[in-house]
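Peer 1: Letter by letter, the chains look like this.
Number of protein chains: 2
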Amino acid sequence: MDREDHTVYSFLMIGQSNMAGRGYVKDVKPIYDEHIKMLVNGRWQTMSEPINFDRPTSGIGLAASFAGAWRIKNENSQIGLIPCAEGGSSLDDWEVGGPLFKNAVFQTKLAQHISSLSGILWHQGENDSFGGRSGCYFDKLKNLVAAFRRELQAPDIPFIAGGLGDFLSSGRYGKYFTEYNSVNNALHQYAETTENSYFVAASDLTANADGLHFDAISQRKFGIRYFEAFFSQKNVLGPLNNENELINRIQDKPLTRTEKAALLEISFALGELSLADLEEQLSKLNALSS
Amino acid sequence: MDREDHTVYSFLMIGQSNMAGRGYVKDVKPIYDEHIKMLVNGRWQTMSEPINFDRPTSGIGLAASFAGAWRIKNENSQIGLIPCAEGGSSLDDWEVGGPLFKNAVFQTKLAQHISSLSGILWHQGENDSFGGRSGCYFDKLKNLVAAFRRELQAPDIPFIAGGLGDFLSSGRYGKYFTEYNSVNNALHQYAETTENSYFVAASDLTANADGLHFDAISQRKFGIRYFEAFFSQKNVLGPLNNENELINRIQDKPLTRTEKAALLEISFALGELSLADLEEQLSKLNALSS
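Chains as they are written, first to last, in UniProt numbering: chain A, 1 to 290; chain B, 1 to 290.
Some hints here could point you the wrong way.
In this list, chains with the same sequence are indistinguishable; a pair is considered to hold if it fits within one copy or across any two.
To be verified - Pairs of lysine-lysine, BS3-like flavour, derived with a Cα cap of 30 angstroms:
#1 K73 x K253
#2 K29 x K73
#3 K260 x K175
#4 K175 x K142
#5 K260 x K26
#6 K142 x K109
#7 K253 x K142
#8 K253 x K284
#9 K73 x K260
#10 K109 x K26
#11 K109 x K140
#12 K175 x K102
#13 K73 x K234
#14 K284 x K175
These are computed hints drawn from the structure, not numbers from a lab.
Use the sequences and the hints to build the structure in full.
Peer 2: What follows is the structure, encoded as structure tokens:
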């Protein structure tokens with residue numbers, strides 16, 4: 001890997017709430033890495049979670065551990081996430097030319113000025129799992145992804161889609177999601193029949209108390225699986241053996257001095273640390289590394 | 001006021017961190033009103049704070065109490081906020097055609113499909129308060145606002161700009177902000193010499209421990225002053241007599257049943273409320289109102 005690689009390799013995040021992320025922040029250790037960026041107002045900022053603020057309930061999603069796994073394979077390079085997922089959105093809400101589509105294309109074009117677009121991460125389908133909607137899922141998704149690839153002038157861009165959780169049918173809203181298996185079949189079939197497209201199963205992943213949103217640890221696992229699909233260019237049809245090991249490795253990565261200082265500044269700006277404590281801790285940090 | 005008014009009257013939020021908001025959320029009562037919206041992915045969502053997630057330190061800004069004050073005068077209408085402020089940005093970062101400008105124009109155009117653009121709220125200048133930059137502030141701002149008005153095809157759109165806090169020169173970064181008075185003069189002069197532009201003084205407002213960011217209660221007051229400038233079409237050159245009264249009125253507005261239910265759902269989705277407690281409280285809410 002080239003030590004001089006200043007390119008940011010960017011990934012578009014689209015779909016509904018489980019792509020945005022609703023895992024509880026308190027349930028997992030943070031992922032903080034100055035080489036992992038997120039797009040804010042058309043510019044890269046160091047990623048912090050939540051990444052995709054579509055609702056006040058935004059939390060842990062799969063993109064952070066995806067990025068962490070990417071970084072293990074790309075030690076000297078930077079990854080950038082483009083958060084455009086929208087809670088509660090159906091495939092009709094993602095119609096080509098609608099606001100969600102237009103915003104995602106625009107954000108990605110802004111990112112393309114300052115990065116190399118490397119993939120699209122998709123998780124969506126709960127809102128197409130009832131009322132006969134699943135029957136159109138394959139065709140609508142095919143049309144949508146083709147439109148993204150065309151608009152972004154990225155015809156071969158990898159597209160990674162995760163399945164819906166098996167908990168859906170037994171949760172608070174379970175009676176509504178009668179067609180989630182059909183959606184999963186459509187996602188899988190789409191990956192099987194479309195170039196550079198991969199399906200990631202949600203097998204064994206668990207949910208928050210709502211029975212609707214992946215919990216934080218499951219999102220960490222899901223991100224690892226998404227990365228495995230991207231890296232190996234294959235569908236991932238079940239849990240990986242080393243999911244927990246990789247999660248620990250990503251979350252426990254030693255922080256650089258820059259990262260430690262940035263986290264101290266964030267704590268201070270949030271009012272969690274006094275000015276005196278901040279200055280003392282920054283002095284210690286500088287003394288240790290000088 | 002027309003009971004049938006379904007128009008959303010929208011306001012663009014641009015500038016740096018004090019427009020995004022860095023007041024501590026815990027320091028003020030929330031403002032929650034189903035008639036106050038924020039733009040997310042090109043669609044309106046009920047506003048919750050923080051509104052402008054440019055950094056993990058985002059918190060209370062002035063737009064929420066601005067919207068609350070607007071609602072007192074517009075009982076049956078809806079207001080929408082378009083959050084595009086970027087922490088640490090200088091006027092050069094806001095250059096016409098740059099990513100901040102392009103994103104703000106794009107977001108506003110998305111909003112214009114579903115609202116009537118009614119004003120631009122601006123707070124910026126800390127990053128132009130040193131190194132001789134303040135000398136160009138007037139000309140750069142004039143050029144920038146003219147470009148926004150042109151791009152948005154809104155030549156007469158009201159532009160409200162707030163002053164920088166007097167605490168700046170004595171805070172943690174005080175030695176850097178030698179020119180904040182010149183920036184305030186430029187903002188005031190701009191308002192005096194440009195149609196539909198108003199200046200709002202930050203007199204008596206206070207800061208977080210960093211001496212840089214307005215604290216939450218000051219942001220509430222500032223928003224009231226911004227609204228007064230917008231409503232009366234005049235500069236606001238000092239504190240208003242009724243700031244605290246208006247803040248209390250906005251924060252203590254009785255919640256509708258829809259708002260109460262939405263807040264319960266948010267608490268549940270955040271894991272603060274069990275499913276059993278949620279369902280019990282929703283039942284009580286429905287019983288009370290049936």
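Peer 1: Now tell me if each hint is right for this structure.
Peer 2: Now for the hints, and whether the structure bears them out:
no.: 1; hint: K73 x K253; verdict: within (14 angstroms within a copy, 53 angstroms between copies)
no.: 2; hint: K29 x K73; verdict: within (21 angstroms within a copy, 46 angstroms between copies)
no.: 3; hint: K260 x K175; verdict: between (47 angstroms within a copy, 25 angstroms between copies)
no.: 4; hint: K175 x K142; verdict: within (27 angstroms within a copy, 57 angstroms between copies)
no.: 5; hint: K260 x K26; verdict: both (19 angstroms within a copy, 25 angstroms between copies)
no.: 6; hint: K142 x K109; verdict: both (21 angstroms within a copy, 28 angstroms between copies)
no.: 7; hint: K253 x K142; verdict: neither (38 angstroms within a copy, 47 angstroms between copies)
no.: 8; hint: K253 x K284; verdict: within (21 angstroms within a copy, 48 angstroms between copies)
no.: 9; hint: K73 x K260; verdict: within (23 angstroms within a copy, 47 angstroms between copies)
no.: 10; hint: K109 x K26; verdict: neither (34 angstroms within a copy, 37 angstroms between copies)
no.: 11; hint: K109 x K140; verdict: both (23 angstroms within a copy, 27 angstroms between copies)
no.: 12; hint: K175 x K102; verdict: neither (33 angstroms within a copy, 44 angstroms between copies)
no.: 13; hint: K73 x K234; verdict: within (17 angstroms within a copy, 58 angstroms between copies)
no.: 14; hint: K284 x K175; verdict: between (56 angstroms within a copy, 23 angstroms between copies)
Violated hints, in rising order: 7, 10, 12; the structure is consistent with all others.
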